[in-house]
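Whole structure, please, built from the sequences with the hints as guidance.
Heads up: the protein sequence lines correspond to chains A and B, in order. Take 1 as the starting number for the first sequence in my numbering and just add one per residue. Take 1 as the starting number for the second sequence in my numbering and just add one per residue.
A few of these clues could be false.
[As the list claims (entries may be wrong)] Some chain A residues judged to face chain B by a derived CB distance under 10 Å, without partners named:
no., residue
1, 134
2, 190
3, 207
[Unchecked claim] Covered stretches of chain A (chain B as the covering partner; in silico rule of three or more C-beta atoms under 8 Å from a C-beta of chain B):
no., stretch
4, 68-77
5, 148-155
6, 158-170
[Said to hold, decoys possible] Result set (DSSO-like, lysine-lysine): computed pairs, CA atoms no more than 30 Å apart in a straight line:
no., chain 1, residue 1, chain 2, residue 2
7, B, 148, A, 211
8, B, 195, B, 348
9, A, 211, B, 348
10, A, 80, B, 148
Hints were generated in silico from the structure; no laboratory data involved. None of these values were measured; they are calculated from a predicted model. Glycine included, C-beta positions come from ideal geometry on N, C-alpha and C.
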Amino acid sequence: MNDPTTTILFVVILLNFFLLGTSRLGACIRVVAAQGALLSILPPLVHGVSPHSLLLAAVALALKGGTIPWLLFRAIRQVKIRREMEPRIGYIATLLLGALTTAGAFIFAERLPLLPEHLHSLFIPASLATMAVGFLLLITRRKAITQVLGYLVFENGIFIFGILLAEAMPLMVEAGVLLDMLVAIFVMGIVMNHINREFSSLDTENLCLLKE
Amino acid sequence: MLLTSLIVIPLLGAAAALAMPSERLRPWLLPPVAFIHLALVLAVIAAPAVSTGAAMLELDGLGRLVLLVVSLLFAVSSLYAVGYFHNHPDWTNRTFVTCLLIFLSAMTVAAAARHLGLLWVAVEATTVASAPMIYFNHNRYSIEATWKYLLFCSVGIALAMLGILFLAYAGLHGGATEQSLQLDFLLQQAPLLSKPWLRVAFVFLLVGFGTKMGLAPLHTWKPDAYGEAPGLAGALMSGGLTSVAFLAVLRVVQIVKGAGEAELANQCLLGLGLTSLFIAAVFVIRQRDIKRMLAYSSVEHMGILAIGVAVGGLATYGALFHVMNNALAKGSLFMSAGNIHRYFGSKKMCETQGAINVLPWSASLFLIGFLAVTGSPPFGAFLSEFTILRGIFGSGHNVLGLAFIAFLTVIFIGMSHTVVTVALGPPLEQAPSAEPQVGEGFLTVLGPLVLLGLVLLLGFYLPEPLRRLLTEAAALLEVQT
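This is the structure:
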């Protein structure tokens, strides 16, 4: 447990549970930002200090921990909502589901054909568990903003897995991936604003006009 | 050098569009950029392919084919766009025109990308650039369509990213000393990739890029997005974007086939292809919304492409030829449907009946476009679908061939009811819309007319360079042993 990467990944998993259990949107955005910021420290810790890993960490930190949360805060300020009300599945139930999927992730990761050096690290289970929690948020929450947060958590899960394979991705591509995400969140923020203007709420249940 | 300018010129155009103050003049930026792009694409294709084996951006046969399709479609669309915005001088078009040009640049990068990460970045960029185009009408319906599109495609494409990472892990696990996601490198290393990871990677990549392509059952965003987007955006997405997504799927298929797992790839593609045909056949019958009908037709054609590639051999060649025919015919249909939609202020079958009395050109083009897209002779789509069928029967898949014909027939009959009613049905007593009616202009008719003319031409005459390009592209998808 002295290994800092293990501690970070452990905290990331705990943050997942916080996300599933809270209804305050401001806190949710902060937690997703904290999660992203923690993850952005990992590349230099895993691959050693090199220009590649440091730059990747800097870009990830700036976007995941800075710009994207700022965009989201701006979005909720504009639409003046504070809480996620009435999720499709209750908080306790999603917390339980989250616990089950996290346990499942640990068991599943044991069975995967992994390289010896990844066999008992937290990377694979943490990545799987975070992705699962992201999906849970996407499915169970009704507010457009929590769905965006779910997408971000899902991306964080992928990012954890990606750290193991940082060498395969040139820095330019990695930056492109993060930039794409930033622009996607930006566009989603604008759309959210318009949803709110049109329906006076961010509830995606309102988006049910299009059907056969 | 040429390739870089192909990517940069649309971006410069986008910057100019963003900066230009005049709403009236801005759409005029599109044709020059589009035609310079087309000319450069033709120049690139005319030059022989040089493979350096480690480039990030390079055009092989498949990339050239898709780039040609995209550029051609965009060039014609740019003329249509000028006519479209000329008819509506009061609409703000800054976001739309800017996004169109960024969209073109992103599709160019995707066609030329030789690195899976770069391909992913480009495909995701197309999603982000096309979302504001869907939202163009700024109403409750288009906002719902945009939200669904953004969320669906972003999550889908995130799954593709996971697939890419699994592929990298397959390399690592397979004992590769060097890590890279460069395509030539991967193709060369393919036999060494760890099989379990490769299979998982393939499934995730297929689901991710398949969502973007709109293969059933991952197509649910498609009718909404195409239904609410302006005809122009529908034309470019159903013709251009789906071709680019198909290219992304083909890249994955190339790697998987190189690794000796062709069986898995073929069966997955076949399953998705047949599901697409089935879903399209079910939903196209009694479809009362002309743009949603076209969206289901797009699902159908994606299914045809998937089946063509799954069967292999001659059918692969047919599928690649079909990419071109589908893009041109679908582009034409969405443009003429857009004209009808604008005139009546509705895209419901019952409110646009008898369009031929008021919009003689658009309604005729809509009717003929329907014949072209469903593969009636003498259009190019007939030839390509026929080639795919010959491939299917030639390789002994008789049941599949019969099912294929049955689905296509059902879809033809289903679509014909709606299309014939809209074009030739008894006209309504009074126009239901209070909005001022906008008739068809020279440019808004020229666009779909030129595209249909090209599909017709391809039915009679396949230029030799194009035939060579198709053969070269199809050869890339064969198993190299």
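Hint-by-hint comparison with the structure:
Using the Cβ-Cβ criterion of 10 Å, the hint placing residue 134/A at the interface with chain B is satisfied: the shortest such distance is roughly 9 Å. The interface hint given for residue 190/A is met, as the beta carbon of that residue sits about 8 Å from the closest beta carbon of chain B, less than 10 Å. Annotation: residue 207/A was flagged as interfacial toward chain B, and the flag holds, the nearest CB pair being 4 Å apart, inside 10 Å. Restraint check on the stretch 68-77 of chain A versus chain B: 0 residues with Cβ-Cβ distances below 8 Å, three needed, restraint violated.
Residues of the stretch 148-155 of chain A lying with their CB closer than 8 Å to a CB of chain B number 3, which satisfies the three-residue condition for coverage. Remark: the stretch 158-170 of chain A is confirmed as covered by chain B, as 9 of its residues place a Cβ nearer than 8 Å to a Cβ of that chain, reaching the required three. For the suggested pair residue 148/B and residue 211/A, the alpha carbons sit about 13 Å apart, so the restraint of at most 30 Å is met. Between residue 195/B and residue 348/B the CA atoms are separated by roughly 50 Å; this puts the pair beyond 30 Å, and the hint is violated.
Taken as a hint, the residue 211/A and residue 348/B pair is honoured in the structure, with Cα atoms around 13 Å apart against an allowance of 30 Å. In summary, the hint linking residue 80/A to residue 148/B is supported, as the alpha carbons are separated by about 23 Å, within the 30 Å threshold.
Checked against the numbered hints given earlier, this structure breaks hints 4, 8; the rest are met.
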